[in-house]
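Chemist: Below are the chains, spelled out letter by letter.
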Amino acid sequence: MRKPTHKKDVIIVGTGIAGSLIAKLLTDHVYSVNGKKFIHRTAANLRFKEILAEIDFESVKKLEHLPASASYQNEINNSKDRTHKEIDAQAAKKNIDPKTLENRIGLELFKTYFFLEFYHEISILMYEAGLEAGVELDSVSSMTNYTEYMRTFYTQEAKVPNSPYPNLKQAPSPNVLDVAQITPPFPDKKGYLVQFGPMAFASDAIRVGGGTTLHWLGTTPRMLPNDFRLTEKYGIEINKPDSSDKSPINWPIDYDTLKPYYEMAEFEIGVSGDVSKQEYPIDESMEEYYGNYVFPMEEIPQSYMDNQIIKGLKDTSVKLNFEEIQLLLVPSPQGRNSAPNLRYGNTKVIRAKYKKPGYSLVLDDSEKEEYKALGSIWNPYMGERCEGNASCVPICPVQAKYNALKTLKKALYKINENDNLKRNPHIEIKAQSVVYRLSVDQKRISKVHLRRYTSKEKTDFIEEFIDTSDSIVILAANAFENPKILLNSKYMVTENGRQVEKTVANNSDQVGRNLMDHMVMLTWGLFPEPVYSYRGPGSTTNISSFRDGKFRSEFSAWISPLDNWGWSWPAFSPGSDLSEFLGQGLFGTDLKEALTYRLSRQVLFHFEIEQLPNPNNRVTINNQYMDALGIPRPVVHYELTDYEKKAMEQAKLASDQMFERLGIQDFTKYNATDPNTTVYNNVRYSYNGAGHIVGTHRMGSSPDDSVTDSYCKSWDHPNLYIVGAGNMTTLGTSNPTLTLSAFTIRSVESILTDLEAHF
Amino acid sequence: MIITNKILNVDDYYFDVFMSISQALTGFTVNELQSTGLTETYYTYILGNLDAGTFVEFLTVSKNVLEKSFTEDQLKNAIVSEIVMNPGMSDIADKVITLWYLGTWEGAYINDLSYQEGLVWNVMNAHPPGAKQPGYKSWAVEPVNSNS
Ligand SMILES: Cc1cc2nc3c(=O)[nH]c(=O)nc-3n(C[C@H](O)[C@H](O)[C@H](O)COP(=O)(O)OP(=O)(O)OC[C@H]3O[C@@H](n4cnc5c(N)ncnc54)[C@H](O)[C@@H]3O)c2cc1C
Ligand code: SF4
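Quick mapping for you: the protein sequence lines, in order, are chains A and B. Counting from 1, position 716 in the first sequence corresponds to residue 716 in the working numbering; the numbering is continuous, with no gaps. Counting from 1, position 111 in the second sequence corresponds to residue 111 in the working numbering; the numbering is continuous, with no gaps.
In case anyone wonders, no lab produced these hints; they're calculated from the structure. Hints are all accurate, no fakes.
One-sided excerpt, in silico: chain A residues whose CB lies under 8 angstroms from chain B: (1) M150; (2) Y304; (3) R385; (4) N389; (5) S391; (6) P397; (7) Y532; (8) N564; (9) K592.
To spell it out: a stretch of chain A is covered by chain B in this simulated footprint if at least three of its residues, at any positions, have a beta carbon under 8 angstroms from a beta carbon of chain B; those stretches are: (10) 533 to 547; (11) 583 to 590.
Distance condition first, Cα-Cα at most 20 angstroms in a straight line; then the derived EDC-like pairs of lysine to aspartate or glutamate: (12) B/K95 - A/D590; (13) B/K137 - A/E299; (14) B/K132 - A/E157; (15) A/K7 - A/D467; (16) A/K652 - A/D666; (17) A/K159 - B/E106; (18) A/K159 - B/D112; (19) B/K132 - A/E148; (20) B/K132 - A/E387; (21) A/K550 - A/E237; (22) B/K137 - A/D274; (23) B/K76 - A/E593; (24) B/K76 - A/D590; (25) A/K311 - B/E142; (26) B/K137 - A/E298; (27) B/K137 - A/E387; (28) B/K95 - A/E157; (29) B/K95 - A/E580.
Every value quoted in this text rests on a predicted model; they were computed, and no experiment measured them. Glycine included, every Cβ here is placed at the ideal spot set by N, Cα and C.
In isolation and in its complexed conformation, chain A is listed as follows (with noise of 0.2 angstroms):
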């Protein structure tokens, strides 16, 4: 076993959007060492110029001159070295007299050092799990690597989202190509999560640098204020874990509470959308729910296909069981880059105001230029724009969807007094280590396990351990590894004068319960005219009419988003249609106009449908189900219930409705083999996942029926935080995403104030 790292204020587990965000958020902030509260990096360097004007620097000539105080002396070898080579590099290339670059550069390093003398760094220490290769941010790694990905997705035969990427073996990811029905009593242990069912868990996710948003979508609707408190407003309440006590379900913050962690997200992520083209069924007035609010940038342009859609059923109704609900068709707010919208004004910074005691973070826009789209990781000029590749998920090729190497990049690149990027040195990432248990110290978590392997080929890996003792670790390795590791951390305490062992941040017995996903009912058909499918983002309109309303106390709510892939998901087309007719016997020009009539008026409809939390869908682990490096498989135990199944048989009868209103020629074909089927009510309903991985350890207003605070703070251990979609306690029917960025946003102002004692 190697010896622990140098100690650092922040181990952060997994580089995800959640992770990255926060290595973001907190180095953006340095601590005044005079003031004695953190402070935005862009107001320290501002005092710093001031300081250095007061400075002869005439008489600071040589390195040699600095005063090396003990704490300081690492820093100071460090830039030393990279100084040094860095003279001899640009003094043989530009001919120039070594000497004079050594006062200058000397220079340079005295201001770094003097910089820490009045404000200090936050250090951090990243673990992730996927390959090195995906965490080279500089320019040329990462077009190298980000290309190799491109190559990989042309060539695999199923298009799903792992496919661009690395299946690593030391490291492996849930995959959809995986899920299959199951048979009791045995599980189905075919791919990297063990199902125990009785139905399959149907979603993936992506274990590399930058982490699932990779394959995401990029579509970021913010929560209803109604989901915030469905026990209040629908009389919702779910079972305690293994009893049949009831209890409330409500979350400890309100929609107003995340309001302004919204925009910082959508700042983040840079949203486009039009705010007031946003409508949906809530009691709060549309002003209410945005302010006075625009997104970054423009609306991304609807499909044709999406139009033809709005065309038939804009002003029509659909008639559910209980009640007649009106359409509401919306272009989808979207992570994906449009124009800067003008009206946004600067480009803002998330910076922390100090607030006794503690910190609340705000969206301040006093920087001087306009808002810009973020480019690719590799050449900002690349990617500014969504070019209608139509692959948003598994991959887009130029990077004009938003994914967190984005955010990582400006965690680990900062801009210096000049303005120009410079490497963060108090910022590293070590790739390839896949962290799978902490231990406690008296309570504190005091170190962290990992295994480290060595190359994609091989499975030997170096065992290695961190003393976080003095440090906030921070575990945003997503909604199914993040349980698990918690589980797999046991750790003694002595209650009553007994020892009784226990898993970290489990004192609720909430760990690895709720697991929730949008269960995507799909429906599907040929339009009557050509709509052009397969083309643009994934998808750029929803029906937003069923998100909410008094129906949620007797069925779940879902979101529409219409398709424009075609039937790739439910049907494989092309390459079924294709199959199809050669079996009929066409060729030549009536093959041709055969598949012209079919691909271009297919349609698909998608019922996003919300799963309440239930104490028995869960994450466990069982050490007869473990990986290539020995470590325990997530273990899933997973099901629906009527209130689920009955939306699904609602949403087929609004999908009816709306098919028979726009003439689509229903194909839908829900079959006894699918893998995740039902029968509710004698009829037959099957579903997807949607990749909406959530509520594996809840935040909640009590240490009794929740693992974390609204900061995502383990209520059991002063030091950790859990972070990610798995905090949610209710799903409701956005995507997660945006959600899950705002309050882990929120989340720093509580990690700064307990970082405070450090320094």
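With the hints as your guide, set chain B with the ligands onto chain A.
Modeler: Below, chain B with the ligands alone, put in the same frame as chain A:
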């Protein structure tokens, strides 16, 4: 089996037979097929992945079909009777059609270009996801790149 050696050469007559029968089977002209940039790649790929005798037989049957058909109707009928109705031949014909339309042979892409050049995308007035992007806002209007 003199032909076996001859068909290894993409300059020869049997390569033309391959292209002509591909035109008849796919409904795309030889020119359109050539514009995929993959004609020779496909021809040599089939040679390497199909029993040579079988491919030769397919080309010989195709040659006869093409030579005895003077009108479109005759060609169509000949293909139906000699190829589609002939169990040994129809399988190869389906494979060849799939190769042009999807870029795959027995489910696998020949290379990354074969995915991008699948004719199925032209037929639907779209483009292969992840490649040949049509540009911002193009999806909001009727397609202008009608290739069919
Ligand atoms: C196909 C698909 C489409 C989606 N579309 C949308 C959408 O349109 N809108 C939306 O809001 N959401 C969408 N989502 C969901 C979205 O992708 C996730 O909610 C989000 O990416 C989760 O972010 P995260 O940072 O919590 O986790 P992840 O992105 O999963 O990141 C976890 C990170 O931790 C690393 N890691 C994992 N285990 C370990 C370990 N043991 N040790 C060290 N590191 C580890 C991983 O490699 C990864 O870097 C979609 C998901 C899928 C699958
Ligand atoms: S449509 Fe294309 S360019 Fe636009 S986000 Fe999706 S993949 Fe990227």
